[in-house]
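Put chain B on the given structure of chain A with help from the hints.
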Amino acid sequence: MTVNGGPAEAGRIPEEQRRRRIRILRVLGGAFHGVVAAAAVGVLVLVAALLFVLVAQAGPSLSRFGPGFLTSSAWDGVHNQFGALPAIVGTLASSGLALLLAVPVALGVAIFLSEVAPPWLRRPLATVVDLSAAVPSVVYGFWAFFVLRPWMRTSVEPTLQNLPLANGFFGGVPTGVDLLTATLILAVMILPTIAAVARESLQAVPGVLRESALSLGATRWEATRLAVLGPARSGIVGGVVLGLGRAVGETIAVAMIIGNIGVVPYSLLSPAQTLAAQIANNFSDVGPGLEQSALVELGVVLFGITILVNVLARMLIWGLVRERGSKPRSGGAFARRRSQLARVADRLRARGEARDPTGLHRPGWQTSVAPVVAGRRARRRAWELAVIAATLACVAVAVTPLFSILGTAVERGGAAAVTPGFYTEGAPIPCSPVHGAVCSLGGIGPQIEGTLVLLALASLLAVPAGLLAGIFVAEYARGRSSGLARVVSFLADVMTGVPTILIGVFVYLVFLAYDHDAAHSAYSGGVALGFVMLPIVTRATEESLRSVSSNVREAALALGFPRHRVTLRVVLGSARSALVTGMLLALSRAAGDTASLLVTAGGSLYFIQNLAAPTGAITPFIFANFQSSYLNEQTDAWGAALVLLGIMLAINLGTRWAVRRRSEGAE
Amino acid sequence: MSVSGKETGTAGSTTVPERKPTVVRHRSGRAGTYVVVGVVLLVVILLAVGYEARWFGGSKAAAPGACATGNTLQGNGANFIAALASTWVAHYNSQTSNVVNYVAGGSGTGITDLEQKTVDFAATEGPLSSSQAAGFSGPVLTLPVAGGTLVIIYNVAGVPAGLHLSGAVLAEIYMGKITSWNDPAIARNNSGLQLPSGTILTVHRSDAAGTTFVLSDYLSQDSPAWSSAVGKGISVSFPKAPLQDAIKGNSALLTYVQTTPNTIGYVDLTDVLASTTTTTYADMLNPSGTFVTPTAAATASAIADKSNATTFPSASGNWYNVSMVNAAGSGDYPLSTFAYFYVYQATDAGFAPTQVKSQVLVQWLHWVIGAGQSDVSALNYVPIAPTLVALDSSGIASMTFDGHGIPACT
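First to last, the sequence lines map onto chains A and B. Quick note: the first sequence uses the numbering used here, first residue 1, plus one each step. Quick note: the second sequence uses the numbering used here, first residue 1, plus one each step.
Next up, chain A with everything else stripped away, as it sits in the complex:
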């Protein structure tokens, strides 16, 4: 396509026409600026509306119970007494404990992937760990219920109960549906997130620090501990807090396994309740009234906690990015690097000092190689090997769930997935082959169609809006609007961590008020998923555009292109494949989301006949049928999980492959 209005043509057209063209271009440019700014403001307005609707809906409960809501354990619809304490304690306990379990393993994985593993192994292993993060939460919950739970109930929990001094923590009877199992599945789910951020932070540490530590005589583990972990610390902490945010907001998997009893947990084997799970389980049960208001107030509390945690995480991670990306002042980088190296040398020496017969004190860092006693060296080597073994074990722990999930899904749902009718037929009459009953398998055709249609609707909303808002943030954040851009970017980032059940509740309430008959419909489900996608698309656009070298922009501007053309043609063109990758990841997130659809889409047994009518989708179908006592429904649910896993893995592996080919092509 030719770029019109470029300088090459400028000389050949009459002055008057040229002026008119410039005027038109100015108007167009202004209009474009207006549109992208409007999209950015739209993101702000949406977030504000979400908060406003939730708080307004929680109003009756807020005014009735006041702050006492947070400390009351009651949940009694008959006597209209409601309190959030069990859910708050359950949320904090499960996510805090999950963090305790996940962080050491995630660190081990990150160290292995960044420092220990041979280079050829790093990428495939990192891919497997990252893929674990793409498994939908409903599938994790499904797996937790059928694989993790029996194991917990029959082996782990009885063993824990027999530990000395453990009675206080593991009182009660092992059921496998309790705080501990919920904690474990949360740990499994946040592990890949923490590991990915930690790995990136470790890899961002300049290689020269590692190498100089090694050259000073440190073992690989010592180099990691003394030279790498320090500089990577703030990034790692950011990842940990991000993981905490995920755990706090996790809804579906926890709802499937935590026991859903509104008691303040008395032990790790006690059933419990979390804020998100309680809303997901009960919101569709209650009509307008105090109980609904109280449930929404739980949502407000949850919103507050997740926003707080996510803001903290972003600040830590962004701090790291700024640090890494800041331009070196003249001499500053060298000085900083030198002082970092000196610190590493000092630390090494401090450890060796007790055994340092020469008594060298504070020589220049460049000349000091602390002499190492042979016996100590052997011990240090053994220590290093132990650490390598430990990190390897961490990797094994981290990748096991993904393979177990895939294996279980293939084993239990494979028979369904290879039946052609499974993709075209509707749900069967619930049936088990007992008393000579002949059962049909049925299928999930309507659910697959529903998911595709919902994703199409969501993309229609989220892709243009997110793209425009992202363009504003990345390209038009100058002068007065830079504050707005920063806020939009930050909010979009934080919104990606807000539990999607809250988005579902918000969209449902808004539809109820403004498009009542479509409150449970493809439209409301599509809008909810669109809202799930919007912040991801916005951030992905921003990141992709920022990755385009500013030379490209400057060159195009210098050639006389108007700003909006530079953005639309040159910058978007250059960032095209990164953009597509971002969109696909947003799509994959939406495809795996259950919570936002639970209260919106409504569910259907049939193919869509009307977009304003209730519609089915794969994830709510799994959630509704995962514990069915009917054999054909169980098989269908596992088959659906397998199909969903296939879709998610295809999208994620596909984008990975595309990104790799792109980066290889650019070399």
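It is worth saying that the hints were derived from the structure and are not from the lab. Only a predicted model underlies this, so the values are computations on that prediction, with no experimental measurement involved. Backbone N, C-alpha and C fix where the C-beta goes; we use that ideal spot for every residue, glycine too. It is possible that some hints are incorrect.
[Claimed, not checked] Which residues of chain B face chain A? A few of them, derived with a C-beta cut under 10 Å, are:
| id | residue |
| --- | --- |
| 1 | Asp207 |
| 2 | Ala209 |
| 3 | Gly233 |
| 4 | Ala246 |
Chain B only, in chain A's frame:
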């Protein structure tokens, strides 16, 4: 966008042809991915647009007197009758070419959806109280459509099916007062059994459920303590027991009890009998002092006996105190219940009302209490008696759209 490979890119830097792009990019391998992704997105969007055209054909109106076809009704509610409802909708569809989308989302969801006017009908075993009914935007009809059996299931090592339980004992178990399986109160009625000492894990529904209504109705009648502390409803605040769990959905609760030792729970008979795993369930004490095994026949007998002793309100009346629990006959199973459909009497007050849809709704309701009753027994539910069919019929006949009666089609 014009295509530029590596070759054209380098050529462009020297000759500057007019129609070359300004930016030199390396795109090897990218075009393919982009095309694939683009095509996929395009297909998805085209699908949506294509369906759109088909979907908005509108409902097919029928000639006067004839029945409309191709319409969809939305229903939500009890999973107590999930198996029956899915059989009904399949048969109704094949006989009338109309579609009923019944989502067994639980009684609470069904009632809420009807109240919020997002479904055409709801199903539950827990009739509305007058204060609940007051929240609706118009008068609702209560239509009993089948009888059913609530079964007390348990999973205790060494204890076979047929544990003898009374309502009073069950109430104490669910109130956390009887906490172990070998409690004397349980042992008293089970002299032949070797009861283990395990702590009882009580399981109830986490969502609002019609089965919870039937259980709490029964426990309220047999235990004054339960009646005053908890009461009856589809969603009650279960007292704290030493061990308890809450599960969403009948079928899931059944699976949970089957897989967890020392549990006790409550589900419908059909789910129990249709399960591939053998489930042990209790014989319940009825008012005549007999422990009765739950069967469809024992429930049919209970409903017949209790119906004789009951003056039913009209369909537009309040059914909150109608109870099929604790029939007096010696063979009557005490935890018996009706499953009800709820609809707005004036369909205008309900979900997206049209004349045609109101007609289809009436057709569906008539079908359920008529032809649909022949599906009931095979699934271990109990067909409703002719007196109730008559009561339902007059209720359905009282339905209106736009102030006028809704003409039945033939």
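Against the structure, the hints come out as follows:
no.	hint	verdict
1	Asp207	holds (5 Å)
2	Ala209	holds (9 Å)
3	Gly233	holds (6 Å)
4	Ala246	holds (4 Å)
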